[in-house]
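**Q** In case you want the letters, here they are:
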Amino acid sequence: DTAVSQTPKYLVTQMGNDKSIKCEQNLGHDTMYWYKQDSKKFLKIMFSYNNKELIINETVPNRFSPKSPDKAHLNLHINSLELGDSAVYFCASSQNLRTGGEKLFFGSGTQLSVL
Amino acid sequence: GEDVEQSLFLSVREGDSSVINCTYTDSSSTYLYWYKQEPGAGLQLLTYIFSNMDMKQDQRLTVLLNKKDKHLSLRIADTQTGDSAIYFCAESMNDYKLSFGAGTTVTVRA
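Chains as they are written, first to last, in the numbering used here: chain A, 1 to 115; chain B, 1001 to 1110.
Heads up, a few of these hints could be off.
To be verified - For lysine to aspartate or glutamate, the following EDC-like pairs were computed, each having C-alpha atoms within a straight-line distance of at most 16 Å:
| hint | chain 1 | residue 1 | chain 2 | residue 2 |
| --- | --- | --- | --- | --- |
| 1 | B | K1097 | A | E58 |
| 2 | A | K41 | B | E1038 |
| 3 | A | K44 | B | D1054 |
| 4 | A | K44 | B | E1014 |
| 5 | B | K1097 | A | D30 |
| 6 | B | K1070 | B | E1014 |
| 7 | B | K1070 | B | D1003 |
| 8 | A | K40 | B | E1005 |
| 9 | B | K1068 | B | D1054 |
| 10 | A | K36 | A | E58 |
| 11 | B | K1070 | B | D1054 |
Treat the hints as calculated values from the structure; they're not laboratory data.
Extracted from the complex, chain A is given alone in its bound form (with noise of 0.2 Å):
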């Protein structure tokens, strides 16, 4: 069974259109991230979730909406797709809020690519 799970892996797509990826864990976990990572490899925080309460939005364009119907999904909706947005996009998930000492769990990625 896969603890953190996303989907689509892949997803090619024009500007302008709208996406999501969905991210489900079967952990049990209270958090919930997304993190975006560049074609240089730089990872970084987007959206952390507690037990469905938003808890960090890290400057990220209005373009970009996170959604927890519940605290094992957090899916991720992006509206007018630019070029830019062309990334590699993490879903992970913590026991708790507080990061200290504990694992983050990350599923295996979902590969954007806007044309």
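Given the structure of chain A, go ahead and fit chain B onto it with the hints provided.
**A** Chain B alone, transformed into the frame defined by chain A:
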């Protein structure tokens, strides 16, 4: 990101030791981490060290922390081909999120 810096590439011969270095800026970081990313996969936690420790050893992995210089290193003994991956250093900012470096790509050659 800007808070965590690491060299981008390391090439090592199979069987040798690898040392990956990292510097960070936030002296109040409580935990420092090493994550590994294999091709096409997400990051996996390798090890972490609490800021009041100088060293932590876990099988082939040794983490050294120099808090004064804000320098963290990961040594992999007897490097194997399966160790080829990208290694990310990360620091815990206020315990609410991790700030990652840009990753060091380690290539193990036969």
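**Q** Hint by hint, say whether it matches the structure.
**A** Hint by hint, here is what the structure shows:
For the suggested pair K1097 (chain B) and E58 (chain A), the alpha carbons sit about 11 Å apart, so the restraint of at most 16 Å is met. Pair hint K41 (chain A) plus E1038 (chain B) holds up; C-alpha atoms about 12 Å apart against a cutoff of 16 Å. At roughly 27 Å between alpha-carbon atoms, K44 (chain A) and D1054 (chain B) are farther apart than 16 Å, so this suggested pair is violated. With a C-alpha separation of about 32 Å, the suggested pair K44 (chain A) and E1014 (chain B) falls outside the 16 Å cut-off, and the hint is violated.
Taken as a hint, the K1097 (chain B) and D30 (chain A) pair is honoured in the structure, with Cα atoms around 14 Å apart against an allowance of 16 Å. A threshold of 16 Å between alpha carbons decides the hint, and for K1070 (chain B) with E1014 (chain B) the separation of about 29 Å lies outside it, so the pair is violated. Of the supplied pair hints, the one linking K1070 (chain B) and D1003 (chain B) holds, its CA atoms being roughly 11 Å apart against a limit of 16 Å. Restraint check: the Cα-Cα separation between K40 (chain A) and E1005 (chain B) comes to about 13 Å, which is no more than 16 Å; the hinted pair holds.
Taking the CA atoms of K1068 (chain B) and D1054 (chain B), the gap is about 11 Å. The hint holds against a cut of 16 Å. Distance restraint check for K36 (chain A) and E58 (chain A): the Cα-Cα separation of roughly 11 Å lies within the 16 Å cut-off, and the hinted pair is therefore satisfied. This hinted pair checks out: K1070 (chain B) and D1054 (chain B) have alpha carbons roughly 11 Å apart, not beyond 16 Å.
Checked against the numbered hints above, the structure violates hints 3, 4 and 6; every other hint is satisfied.
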